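Based on the sequences and whatever the hints tell you, model everything.
2 protein chains.
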Amino acid sequence: MRAVDDAVRLLVQTGKARVRATPCEMVSVHQALGLVLAEDVSSPVDVPPRDNSAMDGYAYRHADAERAGFTVPVSARIAAGQAPGALASGSAARIFTGAEIPAGADTVAMQEDCRLEDGHVVIAAAVTPGANIRPQGQDVRRGDVILHAGRRLRPQELGLLASVGRAEVSVHRPLRVAVFSTGDELVEPGRPLAPGQIYNSNRATLAGLLAAWGMVMIDCGICPDRPERVVALLERAARDADVVITSGGVSVGEEDHVKGAVERLGSLDLWKIAIKPGKPLAFGEVLGTPFMGLPGNPASVFVTALMLLRPFLFSLAGADDVSPMALAARATFSRKAGKREEYLRVRRRGDAVEIFANQSSGMLSSACWGDGLVRQRAGQAIAEDDLVEFLPYSAFFTPL
Amino acid sequence: MRAVDDAVRLLVQTGKARVRATPCEMVSVHQALGLVLAEDVSSPVDVPPRDNSAMDGYAYRHADAERAGFTVPVSARIAAGQAPGALASGSAARIFTGAEIPAGADTVAMQEDCRLEDGHVVIAAAVTPGANIRPQGQDVRRGDVILHAGRRLRPQELGLLASVGRAEVSVHRPLRVAVFSTGDELVEPGRPLAPGQIYNSNRATLAGLLAAWGMVMIDCGICPDRPERVVALLERAARDADVVITSGGVSVGEEDHVKGAVERLGSLDLWKIAIKPGKPLAFGEVLGTPFMGLPGNPASVFVTALMLLRPFLFSLAGADDVSPMALAARATFSRKAGKREEYLRVRRRGDAVEIFANQSSGMLSSACWGDGLVRQRAGQAIAEDDLVEFLPYSAFFTPL
Chain A
1 MRAVDDAVRL LVQTGKARVR ATPCEMVSVH QALGLVLAED VSSPVDVPPR
51 DNSAMDGYAY RHADAERAGF TVPVSARIAA GQAPGALASG SAARIFTGAE
101 IPAGADTVAM QEDCRLEDGH VVIAAAVTPG ANIRPQGQDV RRGDVILHAG
151 RRLRPQELGL LASVGRAEVS VHRPLRVAVF STGDELVEPG RPLAPGQIYN
201 SNRATLAGLL AAWGMVMIDC GICPDRPERV VALLERAARD ADVVITSGGV
251 SVGEEDHVKG AVERLGSLDL WKIAIKPGKP LAFGEVLGTP FMGLPGNPAS
301 VFVTALMLLR PFLFSLAGAD DVSPMALAAR ATFSRKAGKR EEYLRVRRRG
351 DAVEIFANQS SGMLSSACWG DGLVRQRAGQ AIAEDDLVEF LPYSAFFTPL
Chain B
1 MRAVDDAVRL LVQTGKARVR ATPCEMVSVH QALGLVLAED VSSPVDVPPR
51 DNSAMDGYAY RHADAERAGF TVPVSARIAA GQAPGALASG SAARIFTGAE
101 IPAGADTVAM QEDCRLEDGH VVIAAAVTPG ANIRPQGQDV RRGDVILHAG
151 RRLRPQELGL LASVGRAEVS VHRPLRVAVF STGDELVEPG RPLAPGQIYN
201 SNRATLAGLL AAWGMVMIDC GICPDRPERV VALLERAARD ADVVITSGGV
251 SVGEEDHVKG AVERLGSLDL WKIAIKPGKP LAFGEVLGTP FMGLPGNPAS
301 VFVTALMLLR PFLFSLAGAD DVSPMALAAR ATFSRKAGKR EEYLRVRRRG
351 DAVEIFANQS SGMLSSACWG DGLVRQRAGQ AIAEDDLVEF LPYSAFFTPL
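Each protein sequence line maps, in turn, to chains A and B.
The end of the first sequence is residue 400 by our numbering, with every number in the run present.
The end of the second sequence is residue 400 by our numbering, with every number in the run present.
Hints may contain errors.
As the list claims (entries may be wrong) - Computed from the model, here is a short list of chain A residues facing chain B with C-beta under 7 Å:
#1 R134
#2 Q136
#3 A162
#4 A167
#5 G183
#6 D184
#7 S365
#8 A395
#9 T398
Hints listed in this document are in silico derivations from the structure and should not be mistaken for laboratory results.
All of these numbers come straight from a predicted model, not from anything done at the bench.
Glycine is no exception: its CB is placed at the ideal position from the N, C-alpha and C atoms.
This is the structure we're talking about:
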C-alpha cells in the first residue's frame, strides 16, 4: 500500500509538470476571487504614495510649535484628496484623515488634543514629534513584488492588488473538470427510485467542491454500461476538459466499463493507498488528459476528494501551496491504531473534537454532522484527551 | 466603548429579526453551494433503500452455508442496479459492490475469501455472519429531517440532499449588498494617480468577501462630495439592495456627506467598539434598509468585515450559526495587554503562530502575509508559548 503523503507528493509532481499547459487570461480584480495568479505582481507606486494623516487634527512642524509655546496660527485647511502646498513656517494646517501631510510639517495632533482660540490652535504639549503620520510606502514600496505567481487570490489579495492600482491581473484559466458517475444502480435525484437503485450523490458533492474551488464542472452524467458509449464519452471529455474524473466503478473489474475504455484510450494505474475511507484510486490519462478515478462510496469520495483530488487539481491549476490546514485539538474519544491512515469525521466544540459514531464509508451524513476531519496516522492509537490533528473543512473549501 | 461580543449580539439580533423579509426561491442542488436553506428537509427514502453489498463477493445465508461445510452452488449473479429475486435455499449468489442483497441471504464473503470450484464457491469459514452488508437506512432513515432551515450548504450537504433524491431545494435568495466607497482621495484602480490621491482598495476587498459569502454586490462606486448626489445614490441603493454598506467617512464629521444623508433618509448610530483595528462603526437604516458604515483603513475594513459585518449579513441571510472558528495555537511572540480587543494578523506554522511585525490599520499587506487572526482579549497580555485563540481566515470565507 502507498502512504497518503507519498501519493500526494506524486500527484502534486504530476500536476505541477502540467501547469504550463493551462492557458492564462486577464481578468478584472473584482472577478478574480479564488483564481491562481499567473504573474509576479510588482507595485508601480508607494502605498501610501505620500506621508498622510492618520487622524482628523492639525499638522505642524514640532520644533516650530515648541518654540512658539504650542500656540500657532492656522494657515491652511487640507482635506483628503487635495494636493497641499508647503506649510507656512511657524503655523499649523487643519487636516483630515487620509489627507497628505504638507511639506514643512512633521507631526499631527489629533483634534481631541487641540483647542481653537482666535484663529490659533492650542496643541497639547504631550503630542510626540512625528505622531499620527502614516509614512509613504508603509504598506507597499514601489517596485516590491507584492504577490507571486501561483498565489490563490483571497479577498484581501484583491484589496492589495487594487491598492497598487491594478484593475486586471493575469490568472490561470479556471480548470475544466469533466465528471462521470459510474454504476448501473445510480439514478439522478428528482426521478423515482426503482428496486435495486440508489440516488447519485457523488455528482452533487463533486459539483459543490469544484464550485468552492473556483473550477468549472463539465457534467458527463451517469456512464452507460455499453463499452462503445463509454469510449465515445471519454474521448469527448478528454478533448473538452483539463482533467477527467469518475467516482465508482474503476476498481471493480467484472462490472466496470470505464477501466477498459481508459486503457484503450490511454493508460491507467490502480493504486492501493493506505487511506480510510478510500483505498483504491485510479490514476492515468485519456488521450493525454489526466484521469482520476475516485472510489464510489459517498464518504470515501468526500475524503479522497479533499485529500487526493484537491492537491492534484490545485497544483494542476498552478497553485503553489496545496497542503491542508491541520490544527491541534483535544480528542473526546479513544480509538485503536489501524494499518491505514484514517480520516475521522468529527465535530469541534471549543478546543475539543467529538467523533461521529459511525465512520462507515457509506455514511455521507457523517461529513454533514461535523466541521472537519481528524487525521489518525497509521499505527497511531488515540486516547481520550490526546491532542490530535484537526483539519477544518473550511480550509479545504477556500482559496487558502 | 461597546465590547465586540455585545456588538455582535446586537447585530445578529437585528439581522435575525429581518430574515423573513428576504424572499425564498427554489434552486437546483448543484447551484446551491453557500446558500442558506429555507426549509427543513426530510427524507422520503431510506439511504441505502435496501441492504446492499459493501464488497464484490458472494452472498449467502450463513447458517445454510455452515451446514453445507461452506461449499455451496452459485445460483445467481446480482449486479448493482438489479432487483434480485430470492436466493435459492442452500446456495450463494455472485454479487457486486452496491448490489442489493437477495431475500434469503444474510452475509457477504468478499471474493478474496472465496474460490470457485466446479460451479460451487468455497467460502473461508472465518467470515462472520452478517459481514459486508450495508444495512437499509444506515445513512438516513425515511422521515428523518436531514437538514434544518438555516443551514448554509457545503459540498457535502449538496451530496446529502442528492442522496435522498432532492434535485431542488428552497433557499433564501442571496443577499444583495450595496457598497459605497467614500473619500475624495480615492481613485479607482487602472487610472492614473494625481497628487493627494490613493487607490480604492476597500471596494475590491469587499467584492471578494461578498463573492466568498455567496452574496451579490451592487457597486455604487465612489461617493461624490455633493450632498444631493449622495442622497439620490443612497435612495436608489436602499430601494435595490437588502443592505447598504460604506467604507470610510462616516465617523469624520466635517468632511463627511454620507452621515448627513443617512440621517436625512433614516437614522444612524455611531458606535465606539472596543476593537482594534476598527473602533468606529455606524449602524442604522436608510428608508427601512439596514445601513452599516465600516471604517476607512484597509486593515480595519478587513477585520471589521470579518468580525462585525459577516455575522450581521449572515444572520440577515437566514444562517443560524455565525460564530467564527477559533482554535488553540502557540504564540511565538509576546504582546502587552490593551484596552481594546485586538485582532492580530498572524501566520500559522504547524501548531504555532507568528505575528506580522506592523499591525497598523493601514497595512493591508499584513492580512495577505498570513492565514488568520489571533484574538487578544481586552486586558490579556500574551507571553511567548502561551496558547492563544487562532481564527483561520478560511473559516470566515466559506459556508461553515
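Hints, verified against the model:
Hint status for R134/A relative to chain B: holds, with the closest Cβ pair at about 5 Å, below 7 Å. At about 11 Å, the closest approach between the beta carbon of Q136/A and any beta carbon in chain B exceeds 7 Å, and the interface hint on this residue is violated. A hinted interface residue such as A162/A counts as satisfied when its beta carbon comes closer than 7 Å to some beta carbon of chain B; here the least separation is about 4 Å, so the hint holds. For A167/A, the suggested interface contact is upheld, since its CB lies about 3 Å from the closest CB of chain B, less than 7 Å.
Restraint check, G183/A versus chain B: the minimum CB separation of about 6 Å is within 7 Å; hint holds. For D184/A, the interface hint holds, since its Cβ comes within 7 Å of a Cβ in chain B; the closest pair sits about 3 Å apart. Against a cut-off of 7 Å between C-beta atoms, the interface hint on S365/A holds, since the closest Cβ of chain B lies about 5 Å away. Interface hint at A395/A: satisfied, since its Cβ lies 4 Å from the closest Cβ of chain B, which is below the 7 Å cut-off.
Hint on T398/A holds. Least Cβ distance to chain B is approximately 4 Å, under the 7 Å limit.
Going down the numbered hints, you'll see the structure goes against just number 2.
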